[in-house]
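Visitor: Below, each chain spelled out in residue letters.
Number of protein chains: 2
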Amino acid sequence: MPMGEFDLIERFFKRPRQEAVVGIGDDCAVWAPRAGHQLVFSADMLVEGRHFLSTVDPTRLGHKSLAVNLSDLAACGATPKAFLLSLSLPRVDETWLSGFSQGLFALAKEHGCELIGGDTTQGPLNIAITVMGEVPAGEAVMRSGAQVGDDVYVSGNLGDARLALEAFRGTVRLPEAVFDLARLRMEVPTPRIALGQALRGVAHAMADVSDGLVGDLGHLLKASAVGAEIDWPLAQPLLQSLQQWACPNDLAMTCVLSGGDDYELVFCAPPSAAERVQMAAQSSQTAVTKIGRITPAPAATSSGQTLVLRDSHGQIVPTQFRSFDHFA
Amino acid sequence: MPMGEFDLIERFFKRPRQEAVVGIGDDCAVWAPRAGHQLVFSADMLVEGRHFLSTVDPTRLGHKSLAVNLSDLAACGATPKAFLLSLSLPRVDETWLSGFSQGLFALAKEHGCELIGGDTTQGPLNIAITVMGEVPAGEAVMRSGAQVGDDVYVSGNLGDARLALEAFRGTVRLPEAVFDLARLRMEVPTPRIALGQALRGVAHAMADVSDGLVGDLGHLLKASAVGAEIDWPLAQPLLQSLQQWACPNDLAMTCVLSGGDDYELVFCAPPSAAERVQMAAQSSQTAVTKIGRITPAPAATSSGQTLVLRDSHGQIVPTQFRSFDHFA
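Going line by line, the protein sequences match chains A and B. Residue numbering for the first sequence is 572 to 899, as defined by the numbering used here. Residue numbering for the second sequence is 572 to 899, as defined by the numbering used here.
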């Protein structure tokens, strides 16, 4: 007799209840919010062949499925609390489910994020997660607070995930060690939860870099009604693979500026907060790099561009980078 | 230039913010819970060809996508507050999107349920919604509270959606008027929100009937560690189509008992609360039918069955009904 929907949930996805008043297994989960706090929500959907290759290790995929959601919480400075998982599966593959749930719950446990509900059904592989986090009331960091004169920072590294994708596509050949590192960045992203929390009250505005720096910083600039200048000599070294491999400059630009799948934080803070930014980086053990500054809105600048890239001589680099768009 | 992901959201899914502190458009939505209340959550995923036919009217599909989620809130006695929508689309079809969003938002507006976030991507058609509702602290109605001697009630009608499915499958021919009515039940279910709320403090236990009465009542019985007897002469007339068409008894049993897609409420309340149940039905303008009673757990009964069906002479009807299982 094949494994049914409820056996599947029982075997692979049910865990002891933690903070939830009612967890998995009823029509609804019940959650008692803490006084003085607000809840933040985000949802991401991952589709086979689009967000991940069909050959990806299921443990890594389980990790990534939750990681991309936690990254949104990080961008608001929130503490992860709970998530709901809806899963469409072509068939009940116990090996796959075992790996997927291991990767998922290892990351969930690391961040104290509890699975409180969801749905399973048969269909093309699709992983939809809604995640909930908590912030002290009024302290969520949004995209809309950037101010002219703020410094622009990025956490960790940018572009290696895209470099791995290009290698998978066959457009570039990488030395094995470089490919392995880049592939790890693509398949096992690290949500910057601790840094995001440490930046509450420090960063004026923050977003996570999931569709590429140009696109995601672009949304932040639009929401804040400002522009920005990025210094390419400061941004280029964010491509970690450069430490071991001489990546052509054009490819480095594509990867760093419009790569996607980075799950780093881009944020803005005033120069007066520079020391507090460094303290947040240290306390969260997360590298932080200043890559530019916030300028007046494009209508007020000579270039007319929202986002300007400058080379080592301060000259404007002509760019036509676009963010990743699933329907473009 | 094709419509991009952000244009699509802007055009079809962005609505003015209502109760949310931060709505659609940032990395996360922000929600300020009301003091003295708990939040309840549920998630459902609808896949083309499995949960709906590819030819279904998109307006009806938009309605149904939210309705099945609201039905879970109803089963807890919750007031709908907000939802997140993740949507995988094969292509940007503006006619489809326009219809879908109209059906979705018409129902959302009716229940004051605000879209606060989500995701859109390209892929096989898949609709994943997470819904959030609110209950006064400690008042959520769960599946686990049924007590021996409770009456078992069902709201509205049962089985007509399954009858429509059988007609679509060609296993039965229905008069046109009967088919139209049954099809409406399948494609435009009514979540019993007002009844669910009115039954807080009245019903001992409640669940929504989405996978068929036998299955969903079965989950309630298991969670409550009790059994139940259903009187077929009381349950059979719940098939609304019977009013116009002489449905064979076997087919009526299949439809009413293990039909699925009903989105009615099944609930248990003590005989002493019978009048309050009727008042809840009246105040919510929702029909309620008593169909049986809660018995001791099966180990303590002579039949050894959790759920017993009795005919008009009180004799046990042998049944082998199963609930709908996506992987069975």
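Worth flagging that the hints you see were computed from the coordinates, not collected in a lab. Note that the structure is predicted; figures quoted are calculated from it, not measured. It is possible that part of the hints are untrue.
If several chains are the same, the list does not tell them apart, and a pair holds so long as it fits within one copy or across any two.
Cross-link-like lysine to aspartate or glutamate pairs, in silico, DMTMM-like; alpha carbons within 20 Å at most [to be verified]:
| id | residue 1 | residue 2 |
| --- | --- | --- |
| 1 | K680 | E581 |
| 2 | K793 | D578 |
| 3 | K861 | D664 |
| 4 | K793 | D722 |
| 5 | K793 | E681 |
| 6 | K793 | E705 |
Visitor: Is it within, between, both, or neither for K861 and D664, if the alpha carbons may be no more than 20 Å apart?
Guide: neither (45 Å within a copy, 42 Å between copies)
Visitor: At most 20 Å between C-alpha atoms: does K793 with D578 qualify within a copy, between copies, both, or neither?
Guide: between (47 Å within a copy, 14 Å between copies)
Visitor: Within, between, both or neither: how does the pair K680, E581 come out at a Cα-Cα threshold of 20 Å?
Guide: For K680 and E581, only the intra-copy Cα distance (18 Å) is at most 20 Å; the inter-copy one is 36 Å.
Visitor: When no copy is named, should K793 and E705 be tagged within, between, both, or neither for a Cα gap of at most 20 Å?
Guide: Classified as neither; 26 Å inside a copy, 34 Å across copies.
Visitor: Given a CA cutoff of 20 Å, do K793 and D722 count as a within-copy pair, a between-copy pair, both, or neither?
Guide: Only inside one copy: K793 and D722 sit 16 Å apart there, 58 Å across copies, limit 20 Å.
Visitor: 20 Å Cα cut-off: does K793 pair with E681 within a copy, between copies, both or neither?
Guide: neither (34 Å within a copy, 33 Å between copies)
Violated hints, in rising order: 3, 5 and 6; the structure is consistent with all others.
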